[in-house]
Amino acid sequence: MSSHAATIDHHHDVTTSTGIPNKKLFMWAFLASDCMFFGALISTHLIYRLHPPPGSPSPQKIFSIELTSFSTFILLMSSLLMALAVNAIQKSHIKSTRHNLLGTIFFGLIFLGCQVYEFTHFVHEKGLTLSNSLFGSTFYTLTGTHGCHVAIGVLWLILMYIRSFKPADAEAGRPWLAVAFFHFLTFVVTIVAGMATVLGYFHARQLHEPLGQFVGQNLLAVGTSIVGLAILAFLGRSRVPVEFGEANAIDVESMGLYWHFVDIVWIVIFTAVYLLEYL
Amino acid sequence: MDANTDTPAANSGHAHSKFHTFVQIAMILSVITGIEIVLVYLPFAKWLIISTLVILSAVKFLFVIFYFMHLRWDKVFCTILFFIGLVLALGTVAALLALFGADASQPLTSQITQAHASASLVG
Amino acid sequence: MDTTAHAPLLAKAQPTVAKRPWLFTRPTAKTGLVSWLTTVDHKRVGLLYGFSALFFFLVGGVEALFIRIQLAVPNNTFLQHQTYNELFTMHATTMIFLAVMPLSAAFFNYIMPLQIGARDVAFPRLNGFAFWVFLAGAIILNVGWFIKSGVPDSGWFGYAPLTSNAYSNQFVGDISTDLWVMGLQVLGVSSVIGSLNFIVTIINLRAPGMTMMRLPVFTWMTLITAFLIILSFPAITIALVELMMDRHFGTNFFEVSNGGLPILWQHLFWVFGHPEVYILILPAMGIISEILPTFSRKPLFGYPIVVFSGACIGFLGFGVWSHHMFTTGMGTVSTAAFSLMTMAIAVPTGVKVFNWIGTLWNGHLQMRTPMMFALGFIWMFTVGGFSGIMHSAAPADAQQQDSYFVVAHFHYVLIGGSVFALLAGIHYWFPLVFGRKVSEFWGKLSFWVIFVGFNTTFFPMHFLGLNGMPRRTAVYDGNMGWNTPNFIATIGAFILGIGIAIYFTVMIYTYFKGVKVGRDPWDARTLEWALPNPPPEYNFAVTPSVQARDAFWFDKHDREQETPGKIQHAHTESAHGGIHMPSQSWFPILTAGGMLIGSLFLADHNYLGAICGGALTLLGAYLWALEGPGGYHVHPEAELKPTANSSGTAKH
Chain W
1484 MSSHAATIDH
1494 HHDVTTSTGI
1504 PNKKLFMWAF
1514 LASDCMFFGA
1524 LISTHLIYRL
1534 HPPPGSPSPQ
1544 KIFSIELTSF
1554 STFILLMSSL
1564 LMALAVNAIQ
1574 KSHIKSTRHN
1584 LLGTIFFGLI
1594 FLGCQVYEFT
1604 HFVHEKGLTL
1614 SNSLFGSTFY
1624 TLTGTHGCHV
1634 AIGVLWLILM
1644 YIRSFKPADA
1654 EAGRPWLAVA
1664 FFHFLTFVVT
1674 IVAGMATVLG
1684 YFHARQLHEP
1694 LGQFVGQNLL
1704 AVGTSIVGLA
1714 ILAFLGRSRV
1724 PVEFGEANAI
1734 DVESMGLYWH
1744 FVDIVWIVIF
1754 TAVYLLEYL
Chain V
27 MDANTDTPAA
37 NSGHAHSKFH
47 TFVQIAMILS
57 VITGIEIVLV
67 YLPFAKWLII
77 STLVILSAVK
87 FLFVIFYFMH
97 LRWDKVFCTI
107 LFFIGLVLAL
117 GTVAALLALF
127 GADASQPLTS
137 QITQAHASAS
147 LVG
Chain E
19 MDTTAHAPLL
29 AKAQPTVAKR
39 PWLFTRPTAK
49 TGLVSWLTTV
59 DHKRVGLLYG
69 FSALFFFLVG
79 GVEALFIRIQ
89 LAVPNNTFLQ
99 HQTYNELFTM
109 HATTMIFLAV
119 MPLSAAFFNY
129 IMPLQIGARD
139 VAFPRLNGFA
149 FWVFLAGAII
159 LNVGWFIKSG
169 VPDSGWFGYA
179 PLTSNAYSNQ
189 FVGDISTDLW
199 VMGLQVLGVS
209 SVIGSLNFIV
219 TIINLRAPGM
229 TMMRLPVFTW
239 MTLITAFLII
249 LSFPAITIAL
259 VELMMDRHFG
269 TNFFEVSNGG
279 LPILWQHLFW
289 VFGHPEVYIL
299 ILPAMGIISE
309 ILPTFSRKPL
319 FGYPIVVFSG
329 ACIGFLGFGV
339 WSHHMFTTGM
349 GTVSTAAFSL
359 MTMAIAVPTG
369 VKVFNWIGTL
379 WNGHLQMRTP
389 MMFALGFIWM
399 FTVGGFSGIM
409 HSAAPADAQQ
419 QDSYFVVAHF
429 HYVLIGGSVF
439 ALLAGIHYWF
449 PLVFGRKVSE
459 FWGKLSFWVI
469 FVGFNTTFFP
479 MHFLGLNGMP
489 RRTAVYDGNM
499 GWNTPNFIAT
509 IGAFILGIGI
519 AIYFTVMIYT
529 YFKGVKVGRD
539 PWDARTLEWA
549 LPNPPPEYNF
559 AVTPSVQARD
569 AFWFDKHDRE
579 QETPGKIQHA
589 HTESAHGGIH
599 MPSQSWFPIL
609 TAGGMLIGSL
619 FLADHNYLGA
629 ICGGALTLLG
639 AYLWALEGPG
649 GYHVHPEAEL
659 KPTANSSGTA
669 KH
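Heads up: the sequence lines are chains W, V and E, in that order.
When the letters of the first sequence are read in order and numbered with this note's numbering, they come out as residues 1484 to 1762.
When the letters of the second sequence are read in order and numbered with this note's numbering, they come out as residues 27 to 149.
When the letters of the third sequence are read in order and numbered with this note's numbering, they come out as residues 19 to 670.
Treat the hints with care, as some may be off.
What the hints assert, rightly or not - With a straight-line Cα cutoff of 27 Å, these simulated DSSO-like cross-link-like pairs (lysine-lysine) come out:
1) V/44 <-> V/101
2) E/166 <-> E/455
3) W/1506 <-> W/1649
4) W/1544 <-> V/72
5) V/72 <-> W/1506
6) E/455 <-> E/534
7) W/1578 <-> W/1506
8) E/574 <-> E/534
9) E/455 <-> E/48
10) W/1544 <-> W/1649
11) W/1506 <-> V/101
12) W/1506 <-> E/61
13) V/44 <-> W/1578
14) E/534 <-> E/61
15) E/462 <-> E/531
These are computed hints drawn from the structure, not numbers from a lab.
Using the sequences and the hints given, assemble the complete structure.
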């Protein structure tokens, strides 16, 4: 944790004509563009809901409002954690930043997991596929595109988290790039194994399988998850002085803007795609 | 951590309370989400429920952009920039829905068109 | 203190060049192939765009000549109909996306930072990246010439359901339409990224004293065009995503049998397509707004109104898209609404024309070649505007839609408008970029041949349209009364071709052997002319201090000595160790390469390959981020004049 003599004013960048940091301006312009992007997708969905063709599936019978409400709440909480992460890095609290970043990642993954579960459930149990109806096409494309945005955000968060471990002293011994790559690989493997475990568990519960039987049949996934988490915990405990601090707040803030935007798009989707179908 | 030497007073002042602000807003957002979910099951007129849902979503939207995304404390140009995109997107969505909602745009298989068709056969 | 820009480097007290992984060694070549492949200099990126655009302009021109040969006489058998369809599709796609847009981008890149007194754009590596992605898009669109699928053939606007698998695939495995989809998506990425960069640059990197209302009009038009791009491209992105989902995954967006509405494609496409035509014309209007004042020896008439009109055109341009769809049966109310909006948009356009005339009025006109093209622009663009107004009346458009009247209209605004202005700009800024001036005789000759050829080709098309000749048909029968105008149009096309050939030959000759000129050969008004020709890598030796609109003119005529502001900048920069320059990088081109590979695989329905390409792209982007901004310092001592007031260093 280093605090340099010239404290950075996070509200004013003197090197620019307006005082707004370049990266922040760039991100806001991009988000303005992304509004049109999701606007077009949401338009498509709503247009096709105006006059559903005969034989269209009934969303009310397909949706599980409890699951979607839960994932909406999760995404809102992830937004809170993201805001707290930005707040923390602006004060150079590296550890707090890392915890909040991990929290955001974790909640983002829960959201994605819920979406994977929802999609699988709709396809297998409700018979709604991408191609067998107009509703399926628009629903999966819209929510899937949003899900892709979430996944990109999670990827970015993971990379930012790993970046926060870059040693300040470049000749610390271990080549940092290789460690970072290994760190990233661990994340990927743990996430895949973890998702498989959790989603598999919920599926098993639906079939009323006992926990022991589930663990026995999915030893690889369960084991990999546990080992992965342990490695991540070990890597996360590193106390080496890092080249990451207040100066990087602008990068975390820009990422935060993207993440919050993904959240507000979901606010619109939750209302326009899910809630409106219940009227 | 020296907050008193170079940092502007306003910055350090609201920086400490921002944590609490964020948590409080997260609570408000959760409560509004809960209200929205309950609302759809209440026996009110459709137009009333839809309007309320839209307003509640807009409130959540605005809370996130002005507080979590910091627009309230940033230079106003950021707000203008984002609202250009937002207003244009809303206008385009509205125009497209109006276009496709017009009578002339009904698909031939829709119930309205079929009702017209059978009415003209009878009359 | 502007240490924030350098803050990430503060942790490294000593230079750590020796300890950085070889992966992040920055290329330093200043000449040769590597210097071009890794460039982050906005001037070089501008030249790359310019040369690519001019190449594809010729390609598009050849495609047009083939079309005109086929249409010279009725019932011609020069081309197979399938080839004809490919040619008109590629002619339009090439001219719009690979010629006019990148040529505008060339000017945005080269000239705009100079006009605002900046050293480069806000994100130099991203700027290079935008170019390489553009090149990737150009390759994807044209790769069809070399494979069995052929190039796209469903028109540049790709209407559904013609572009569906059922109607556009000539055989199983025909990926021409998929290539069209991916090519446009990739070009969209390039345009949006470039535009975001320009917006941040214009808003944030202006020299001190350069307020928004002192910006040259060309820079204003760059800004408005950039906004149009970032706000309109998402619509076509989504339309293309939906089309791709239909073609690859069997979704039903435009599948009528499952309730899809092909008209949705038209709406989404034109929500993009209409702002796109303003994207094509606004930069041209910006160039004209620079040339007219210079060669009239007068400031631009009504600067605030010209700027405001440009912004109005941009904004209103989002509200008129369905005037491309008057004959699709939208209903009375919708049709009337769009008709009125289209008439309204003529107002700010007309206001600009009047302001240009006001600029010329009572000016001391110098009829140099750029001025000839500029005057030609005003006249020809206005003619195109008249036919546009005729279209805006929906009942009249019911006859004109899909006829040659439309072809005449848009060629008048696009060639008579955009192309004339871009050709003018090349002549105008040639001395700045290359240090040589084009011969007046040959320049004017090329103008007149182009002017005559252009009008001969397209004026008859107004009558062909009013007499009912439809667009996009490979043959027409001999007893329709269309024979003579078509023949004349073909003659005109070849005259136009000769004019373009003269123009290009003259340019190439001038580049190698033209008369060398000193600084500011036109006695111009804006900051880019303050620089030596060609400008040094760092642009301005000292960041200018702007006092008024037409900053350079003010410098030349209204001040005797350097302002305290400029002296201050010189001190500040030397105190920081000289001018800070961005380092070159391999990652922009490598990341773009990943996109090219991924897109080609995706077009070929090879999803594993697409994922690999995507992974390469992500890897390139990640290493790019880790590489960091880098940077080095230069000391242009030779340029710095001794300062009059050197007592103490000013603190800002």
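Verification of the supplied hints:
For the hint linking residue 44 of chain V to residue 101 of chain V, the alpha-carbon distance of about 18 Å falls within 27 Å, and the restraint holds. Between residue 166 of chain E and residue 455 of chain E the CA atoms are separated by roughly 46 Å; this puts the pair beyond 27 Å, and the hint is violated. Among the hinted pairs, residue 1506 of chain W with residue 1649 of chain W is consistent with the structure: their alpha-carbon atoms are about 21 Å apart, no more than 27 Å. Distance check on the hinted pair: residue 1544 of chain W and residue 72 of chain V sit about 19 Å apart at the alpha-carbon level, within 27 Å; holds.
Annotation: proposed proximity of residue 72 of chain V to residue 1506 of chain W is violated, straight-line Cα distance about 44 Å (limit 27 Å). With a CA separation close to 6 Å, the supplied pair residue 455 of chain E and residue 534 of chain E stays within the 27 Å bound. Of the pairs offered as hints, the one joining residue 1578 of chain W and residue 1506 of chain W holds, with about 24 Å between alpha carbons and a cut-off of 27 Å not exceeded. Between residue 574 of chain E and residue 534 of chain E the alpha-carbon distance is near 22 Å, which keeps this suggested pair within the 27 Å criterion.
The suggested pairing of residue 455 of chain E with residue 48 of chain E holds, with an alpha-carbon distance near 26 Å, which does not exceed 27 Å. A hinted pair counts as satisfied when its Cα atoms are at most 27 Å apart, and residue 1544 of chain W with residue 1649 of chain W does not qualify at roughly 50 Å. A hinted pair counts as satisfied when its Cα atoms are at most 27 Å apart, and residue 1506 of chain W with residue 101 of chain V qualifies at roughly 14 Å. Between the alpha carbons of residue 1506 of chain W and residue 61 of chain E the distance comes to roughly 22 Å, so the proposed pair stays at or under 27 Å and holds.
With a C-alpha separation of about 18 Å, the suggested pair residue 44 of chain V and residue 1578 of chain W falls inside the 27 Å cut-off, and the hint holds. As the CA atoms of residue 534 of chain E and residue 61 of chain E are separated by approximately 20 Å, the hinted pair is consistent with the 27 Å bound. Restraint check: the Cα-Cα separation between residue 462 of chain E and residue 531 of chain E comes to about 18 Å, which is no more than 27 Å; the hinted pair holds.
Checked against the numbered hints above, the structure violates hints 2, 5 and 10; every other hint is satisfied.
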